[in-house]
Amino acid sequence: MESLIMSARDIEFLLYEWLDVTGLTARERYREHSRETFDQVLELSRELAAKHFAPHNREGDLHEPTFDGDKVHLLPAVKQALDAFGEAGLVGAAMDERVGGMQLPHTVFTACMAWFYAANVATTSYAMLTMGNANLLAAHASDEQIDRFVRPMLTGRYFGTMALSEPQAGSSLADITTRAVPQEDGTYRLFGRKMWISGAEHELSENIVHLVLARIPDAPAGTRGISLFIVPKYLVAADGAVGEHNDIVLAGINHKMGWRGTVNTAPVFGDGAYTPGGQPGAVGYLVGEQHRGLSYMFHMMNEARLGVGLAATALGYTGYLKSLDYARNRPQGRPATAKGQATPQIPIVRHPDVRRMLLAQKSYTEGALALQLYCGTLIDEQRSATAESDRQRASTLLRVLTPVAKSWPSQWCLAANDLAIQVHGGAGYTRDYDVEQHYRDNRLNPIHEGTHGIQGLDLLGRAVTADSGAALTLLLETIGATVASARATADGELGDYADALQQAAGRVVATTGQLWRDMDPDVALANSSAYLEAFGHVVLAWIWLEQAVAAHGRTGAFYDGKRAAARYFYRWELPRTTPLFEVLDSLDRTTLDLDDAWL
Numbered sequence: 000m001e002s003l004i005m006s007a008r009d010i011e012f013l014l015y016e017w018l019d020v021t022g023l024t025a026r027e028r029y030r031e032h033s034r035e036t037f038d039q040v041l042e043l044s045r046e047l048a049a050k051h052f053a054p055h056n057r058e059g060d061l062h063e064p065t066f067d068g069d070k071v072h073l074l075p076a077v078k079q080a081l082d083a084f085g086e087a088g089l090v091g092a093a094m095d096e097r098v099g100g101m102q103l104p105h106t107v108f109t110a111c112m113a114w115f116y117a118a119n120v121a122t123t124s125y126a127m128l129t130m131g132n133a134n135l136l137a138a139h140a141s142d143e144q145i146d147r148f149v150r151p152m153l154t155g156r157y158f159g160t161m162a163l164s165e166p167q168a169g170s171s172l173a174d175i176t177t178r179a180v181p182q183e184d185g186t187y188r189l190f191g192r193k194m195w196i197s198g199a200e201h202e203l204s205e206n207i208v209h210l211v212l213a214r215i216p217d218a219p220a221g222t223r224g225i226s227l228f229i230v231p232k233y234l235v236a237a238d239g240a241v242g243e244h245n246d247i248v249l250a251g252i253n254h255k256m257g258w259r260g261t262v263n264t265a266p267v268f269g270d271g272a273y274t275p276g277g278q279p280g281a282v283g284y285l286v287g288e289q290h291r292g293l294s295y296m297f298h299m300m301n302e303a304r305l306g307v308g309l310a311a312t313a314l315g316y317t318g319y320l321k322s323l324d325y326a327r328n329r330p331q332g333r334p335a336t337a338k339g340q341a342t343p344q345i346p347i348v349r350h351p352d353v354r355r356m357l358l359a360q361k362s363y364t365e366g367a368l369a370l371q372l373y374c375g376t377l378i379d380e381q382r383s384a385t386a387e388s389d390r391q392r393a394s395t396l397l398r399v400l401t402p403v404a405k406s407w408p409s410q411w412c413l414a415a416n417d418l419a420i421q422v423h424g425g426a427g428y429t430r431d432y433d434v435e436q437h438y439r440d441n442r443l444n445p446i447h448e449g450t451h452g453i454q455g456l457d458l459l460g461r462a463v464t465a466d467s468g469a470a471l472t473l474l475l476e477t478i479g480a481t482v483a484s485a486r487a488t489a490d491g492e493l494g495d496y497a498d499a500l501q502q503a504a505g506r507v508v509a510t511t512g513q514l515w516r517d518m519d520p521d522v523a524l525a526n527s528s529a530y531l532e533a534f535g536h537v538v539l540a541w542i543w544l545e546q547a548v549a550a551h552g553r554t555g556a557f558y559d560g561k562r563a564a565a566r567y568f569y570r571w572e573l574p575r576t577t578p579l580f581e582v583l584d585s586l587d588r589t590t591l592d593l594d595d596a597w598l
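Oh and the sequence shown: position 277 is 276 in numbering that gives the first Met the number 0, straight run, nothing missing.
Just so you know, these hints were derived from the structure itself, not from any lab.
Hints are not guaranteed to be accurate.
[Claimed, not checked] Cross-link-like lysine to aspartate or glutamate pairs, in silico, DMTMM-like; alpha carbons within 20 Å at most: (1) Lys321 x Glu1; (2) Lys321 x Glu46; (3) Lys70 x Glu202; (4) Lys255 x Asp67; (5) Lys50 x Asp60; (6) Lys70 x Asp270; (7) Lys78 x Asp60; (8) Lys255 x Asp60; (9) Lys255 x Glu63; (10) Lys78 x Asp67; (11) Lys50 x Asp38.
From just these sequences and the hints, can you work out the full model?
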C-alpha cells in the first residue's frame, strides 16, 4: 500500500506550506516549472515506487545477488524497476538542461527520492550512485567526457559507481595504493584492488562507469597525490559505440546484513584477465587535473552523505507507518482502569506506552525528512539565487548541516526502526513483517559514506571552526530568526519552545568554545561523536520549531499531529542534550587516556 511507504500529506505540507517551493519558479533556473509539474513528478515517483520498487523489496532481501565467477546475477525485477526509473527521466531530473536534465528543484527531487528509498533502498541505490557519478562528471569532466559517459547515464543506458576504498584503506583514503600509469595516447592504465564498491558489476545496463581514485607515479604523498579517473567496464568509442571489455574483474562479492539487493563488490583493476588494446591494465581517463581527485570526489561524497541521510530517513519513516498501521489493527489488552472487568480488547495504539513509541518514531522520522528537504532548499539556493552573497550563505549553511543530515537520521531513524519492531511485539522480529528488514537495512547507514565518528570529526574539527566559526555563527543566526518567529505568534507553548531552543543554542556555542579552549585537537575531538549527537538534537529541535510555526493556527488532525510531535521532541528529546553538554564541557579524557590493554 502506498500509504505505508511514505506520507504524501506530510510531503505536501513540507514542500508547500513550510518551504514554499513554488516560489522557486520565479527564478530563471526553474521558470519552466510550476506547482503542476512538481505535483506530476511527485505523483509519478509515488506510482513507480509502489508499482516497480516495493513489490520486490522482500524478495531482493531473501534472494541476494550471486556471483558465478564471471557474472553477477540479480532478480529480474531489479532491472525492470530501474528501467522504469530511467525511462521516466528521473536520473537527470535535477540536473542541468545543458546535459539533458530537466532542472527540477533539488528540494522537490529529494521528496521524490524519499518514495524510492522507502519502497526499496537496495534497488534505488543503483540509481543513487549513477546520479552522484553523473553530477560529479557534469561539474568537473570535459565536454567530451560528458558526451561520452554522462548523457548515456541520464537515459539509464549506463550506470555509475564510486570506487574509493581498498582492502587496506577504508575511510583512510590517504593510504590507497591503486596506480594509474600514463600512456602516450593521453589515457592511463590502472592497477589495484578496491573493496566495498556497490554496484560495480551487474547486467542491469549497457555499461558501468567507475569513478576510481588512484595515484600517478611520483605523485605527492597522502591525499594531495590522489587523482580521479573514469574507468568504464566496456571501452566507449568517440562515436558512443560500446567496445571491448576493460581490464576489470571481481575478486568476489560481499554479503551484508542489509541492502542485500545492492551487489557489493571487491573489483580488481589491471588483473590481466582482459587486455584492451592488447595489453593489461584498466584503461582510465583523467578527470580534471592531476592530484585533485579527492577534491573532485567530495562532490559525489557530499551528495552521497545527503543521500544516505535520506535513505535512513525513508527507512525509518516507512517502518513508522507500518508500525502505526499494525498498532491500529492489532487488538490486545484492556485499559488499566478496566482490570478485572469483562471488557473487549482494545487496539494496542490505545495503550500509552505504545503511543509513546509511535510518537517518538513520528518525531524522529518527520523531523529528519524536514531536515533533508531543508538541505534541498540550500542546494537550490546555491544553484539559483541571484546574489552571490545568498549563494555563499546557502553553501556555508549546507556545510555545517551535512554531517548532521547524514548522521542524525542514521542514528535516530534507526532508533525508530527499533521501536517499530517493539510495537509489533513478537511479530516484529519475524520475517513475516517488513520492520525487521527495515532495521537491518538501516543499520548500514551509520557506516555508509563516513561512519558516525567520522561525521563527528568533520563537524567539530572542520565545519564549526572554519573561517573563525562562520558556519556556526550563520546557523545560530538562522535559528535565532526561527525563535523570533515563534515568539511573534504569541502562542505560549511555542514561546516556551523558543526559550528552550535559544538556551540549547547557547550551550552549543559555549561547549564548542570550551572544547577548543586549549586548541588541543586530541582533547577536543576525543568526544566529537557526543558533540555531533548533542548538536544534531539542537538542529532537529530548530527544525521542529519551524514546523510548529508553519502549523500554527491551522486546524485538523494532521496539524494536531505536528504539534504533538513537536511537544514530544521538546519535552523528551531536547533535554537529552544537557548531560551530553556537561560531559563535553568537562573535557573528559576517559577514552583518550585509555590503554588498550585495559579493554
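Now the hints, each set against the structure:
{"no.": "1", "hint": "Lys321 x Glu1", "result": "holds, 11 Å"}
{"no.": "2", "hint": "Lys321 x Glu46", "result": "holds, 18 Å"}
{"no.": "3", "hint": "Lys70 x Glu202", "result": "holds, 8 Å"}
{"no.": "4", "hint": "Lys255 x Asp67", "result": "holds, 18 Å"}
{"no.": "5", "hint": "Lys50 x Asp60", "result": "holds, 18 Å"}
{"no.": "6", "hint": "Lys70 x Asp270", "result": "holds, 16 Å"}
{"no.": "7", "hint": "Lys78 x Asp60", "result": "holds, 15 Å"}
{"no.": "8", "hint": "Lys255 x Asp60", "result": "holds, 10 Å"}
{"no.": "9", "hint": "Lys255 x Glu63", "result": "holds, 9 Å"}
{"no.": "10", "hint": "Lys78 x Asp67", "result": "holds, 19 Å"}
{"no.": "11", "hint": "Lys50 x Asp38", "result": "holds, 18 Å"}
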